[in-house]
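Asker: Generate coordinates for the entire structure from the input sequences, incorporating the hints supplied.
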Amino acid sequence: MRADFLNHPVSASHVHPDLNIDPESPERFFNRELSWLAFNWRVLEEAQNEQHPLMERVRFLSISASNLDEFFMVRLAGFRSLVMQGISRTNIDGRSPNQQLREMDADARALLAKQQELWQSLRAELKRQGVEILEAKRLTKADRTWLDSHFLSQVFPVLTPMAIDPAHPFPFLPNKGYALALQLRSKAENEVMDALIPIPAQVNRFIELPTDAELGPDIPKLRFCTLETLVELYLDRIFPGYTIEAKTSFRVVRDSDIEIEEEAEDLVAMFESALKRRRRGQVVRMQIEAGSPKKLRKRLARLLDLNDESEIIDIDGLIALNDVSQLINSDARPDLCWETYTPRMPERLRDHSGDVFAAIAEKDMLLHHPYESFDVVVRFLQQAAQDPDVVAIRQTLYRTSKESPIVAALVEAAEAGKQVTALVELKARFDEAANIALAKRLERAGAQVIYGFTNLKTHAKMSSVVRREGKELVTYSHFGTGNYHPITAKIYTDLSLFTWDRSLGRDVTRLFNYVSSYSEQQMEQIAYSPVTCKSTLIECLEIEKENAQAGKPAQVWAKMNSIFEPEVIDALYAASQAGVQIDLIVRGICGLRPGVKGLSENIRVKSVVGRFLEHSRIVCFANGEALPSSKAKVFISSADWMDRNLNRRVETMVPIKNETVRAQVLEQVMAANLMDEAQSWVLQADGSYVRATPPDPDTAFNLHHFFMEYPSLSGRGSHGTDDAPRLLPVSAEMLRAEQETNTSDVAAAE
Numbered sequence: 045m046r047a048d049f050l051n052h053p054v055s056a057s058h059v060h061p062d063l064n065i066d067p068e069s070p071e072r073f074f075n076r077e078l079s080w081l082a083f084n085w086r087v088l089e090e091a092q093n094e095q096h097p098l099m100e101r102v103r104f105l106s107i108s109a110s111n112l113d114e115f116f117m118v119r120l121a122g123f124r125s126l127v128m129q130g131i132s133r134t135n136i137d138g139r140s141p142n143q144q145l146r147e148m149d150a151d152a153r154a155l156l157a158k159q160q161e162l163w164q165s166l167r168a169e170l171k172r173q174g175v176e177i178l179e180a181k182r183l184t185k186a187d188r189t190w191l192d193s194h195f196l197s198q199v200f201p202v203l204t205p206m207a208i209d210p211a212h213p214f215p216f217l218p219n220k221g222y223a224l225a226l227q228l229r230s231k232a233e234n235e236v237m238d239a240l241i242p243i244p245a246q247v248n249r250f251i252e253l254p255t256d257a258e259l260g261p262d263i264p265k266l267r268f269c270t271l272e273t274l275v276e277l278y279l280d281r282i283f284p285g286y287t288i289e290a291k292t293s294f295r296v297v298r299d300s301d302i303e304i305e306e307e308a309e310d311l312v313a314m315f316e317s318a319l320k321r322r323r324r325g326q327v328v329r330m331q332i333e334a335g336s337p338k339k340l341r342k343r344l345a346r347l348l349d350l351n352d353e354s355e356i357i358d359i360d361g362l363i364a365l366n367d368v369s370q371l372i373n374s375d376a377r378p379d380l381c382w383e384t385y386t387p388r389m390p391e392r393l394r395d396h397s398g399d400v401f402a403a404i405a406e407k408d409m410l411l412h413h414p415y416e417s418f419d420v421v422v423r424f425l426q427q428a429a430q431d432p433d434v435v436a437i438r439q440t441l442y443r444t445s446k447e448s449p450i451v452a453a454l455v456e457a458a459e460a461g462k463q464v465t466a467l468v469e470l471k472a473r474f475d476e477a478a479n480i481a482l483a484k485r486l487e488r489a490g491a492q493v494i495y496g497f498t499n500l501k502t503h504a505k506m507s508s509v510v511r512r513e514g515k516e517l518v519t520y521s522h523f524g525t526g527n528y529h530p531i532t533a534k535i536y537t538d539l540s541l542f543t544w545d546r547s548l549g550r551d552v553t554r555l556f557n558y559v560s561s562y563s564e565q566q567m568e569q570i571a572y573s574p575v576t577c578k579s580t581l582i583e584c585l586e587i588e589k590e591n592a593q594a595g596k597p598a599q600v601w602a603k604m605n606s607i608f609e610p611e612v613i614d615a616l617y618a619a620s621q622a623g624v625q626i627d628l629i630v631r632g633i634c635g636l637r638p639g640v641k642g643l644s645e646n647i648r649v650k651s652v653v654g655r656f657l658e659h660s661r662i663v664c665f666a667n668g669e670a671l672p673s674s675k676a677k678v679f680i681s682s683a684d685w686m687d688r689n690l691n692r693r694v695e696t697m698v699p700i701k702n703e704t705v706r707a708q709v710l711e712q713v714m715a716a717n718l719m720d721e722a723q724s725w726v727l728q729a730d731g732s733y734v735r736a737t738p739p740d741p742d743t744a745f746n747l748h749h750f751f752m753e754y755p756s757l758s759g760r761g762s763h764g765t766d767d768a769p770r771l772l773p774v775s776a777e778m779l780r781a782e783q784e785t786n787t788s789d790v791a792a793a794e
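Here the sequence shown is numbered in the numbering used here, starting from 45 and rising by one per residue.
No lab work stands behind these hints: they were computed from the structure. Quantities reported herein were computed from a predicted structural model and do not represent experimental measurements. Cβ coordinates follow ideal geometry from the N, Cα and C atoms, glycine included. There's no promise every hint is true.
For lysine-lysine, the following DSBU-like pairs were computed, each having C-alpha atoms within a straight-line distance of at most 35 Å [as the list claims (entries may be wrong)]:
#1 K220 <-> K339
#2 K291 <-> K339
#3 K291 <-> K181
#4 K484 <-> K534
#5 K589 <-> K675
#6 K220 <-> K407
#7 K158 <-> K231
Computed beta-carbon distance windows for the label pairs [said to hold, decoys possible]:
#8 P201 <-> L78: 44 to 54 Å
#9 K231 <-> A452: 32 to 42 Å
#10 L78 <-> T255: 18 to 28 Å
#11 D66 <-> Q326: 37 to 47 Å
#12 S445 <-> A405: 21 to 31 Å
#13 T384 <-> R346: 45 to 55 Å
#14 T384 <-> L517: 37 to 47 Å
Answerer: As structure tokens, this is what we get:
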């Protein structure tokens, strides 16, 4: 299966030979939940990819486990609630809530089983590489001596063993709470007692044991035991005078979605209350050690108010595999991790001695994270805070880091007397508490904090700085496809557009006014959800359709995380039927069914899963000339093509006008994504994903390697763009040949 969409046009082999689907049938859509699970299967596949270093494969396993936790907490919990309420309305793909719950639960259980199987394989490989997780029987006398001290000083003080009886009701276990359940017998009275030991989340799950052994020069051997192994070793100290009759370990997963009250007088107070309710949400699944004593298992299910066996998952292996990320140690074992990558700083910024405003004033600049440093975004706001000519700053905050330098810059600006407006989104799932805290911090500094709509999330990523230059006020704007989060910006691929375009500056102001005043705005360039994003997409698709019918070149290139908006998908189907060639890079959920004769034979979909998380949202319309061209309509966006993004969120879709920036998006970013075969999966008409099979896997084009090696077109400054290759269909093969030659030269030198 070829995944190089740039150099290989749509062929008959792409179309499913036997699949006939009525364009009006629900079958034209894939199921949202099963599509998300398919994405997590692809993530798990990367844990088996021997092209990755061993500890990075462990990281993929941890990510897959963490993703699945969230799926249980939010998506499965939601369908469980619908079924319990007796709701039977079908989804757009024709499935009822009960049918979806059964199918997603079965697939999720299969995924859990595969995760455990893979963990055993990775654990064995880690052991061969000198990284070992020891069972109690493998601990040496020296290990036990060291653990005695460690247990008493680091673990025992935070353990709270609890008897379970009428005087001691079953304690509350938080979401993802892990515990040992015990049945004990008193040596003195010969009476049975039930007990519980919650495993504290504040202590590392994997405890590194001291060792002097080395595998070779400067390569240490790493040895660990789990926290639960340690606790079980000292049960006689925790419960002196008792013998253990039965024991098991288990973990609870709770419903973690938050219901929003539409008429909330105080949004902050409402969210603080809702967060407390989330913490005590219903248990939707109990994960329990396989082979647990039946009586103990039944008692736990009753105490946790579980309805039936379908809500209990037996784990044959390590419960809470997300914790295996604690084993990754790039300092101790760099040989088992990816080589550290340092993002580039744009040369144009150096040309202007670090003056961000001067660099933007020269011309628009597009940064491609994580290949180019997110520090530029931070500097943009830090410089604004310290510049006496800056009079106002506006900033959206959806997710950011705990000790955010961006929030610190806004606080500094507000304390310096500048007009600072921060649009803080309280509805950012699992970041609500952090956002409440930063909002209060900003308010204390004197910033104007707004929270937007109660019924719409503000997901747009934008910032504006108003600066007095002579007699004018000039607006410098930043638009992003990702969050203002310096940590995730090191692993998420996103785009940052810096511009001092006057009309875009006015549009930013209008969009902030829309959120603060609830009044719809007439924009000059920006399309925005929930008002004009979807209609703009559909209008552009209609133009491509008309061009195809008129015999003109008609193409669409688009990249996003997810697509599941029915009207947009139907518009894509209509364009395909008219002859528009549509290539989509969709990392995660995809409700569109490609390669169906008479419906979508001109649509191809691929998913890229690799070292970095593909996160940028881009759409390019040919506009009468074959892509890539200077005539193309190009947009970057904060929005995926989902119902929530296009209809129930505040989002931006920003046109790219600067020629160099447009060329960068078309001839580098999109072209590389379309070319990639090293880490691409192609979606089939039956819903399966097939990993790309390039002619030579060793030299397959890898988009992450390409961007790590080559600079972007934009931001080059006086250095020029000669070393920033453009990936056109005619030059792509030449670049691949050049990379093969470089690889051969390196091998020969070694």
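Asker: Would you pick out the hints that fail for this structure and give their numbers low to high?
Answerer: 6, 7, 9 and 10
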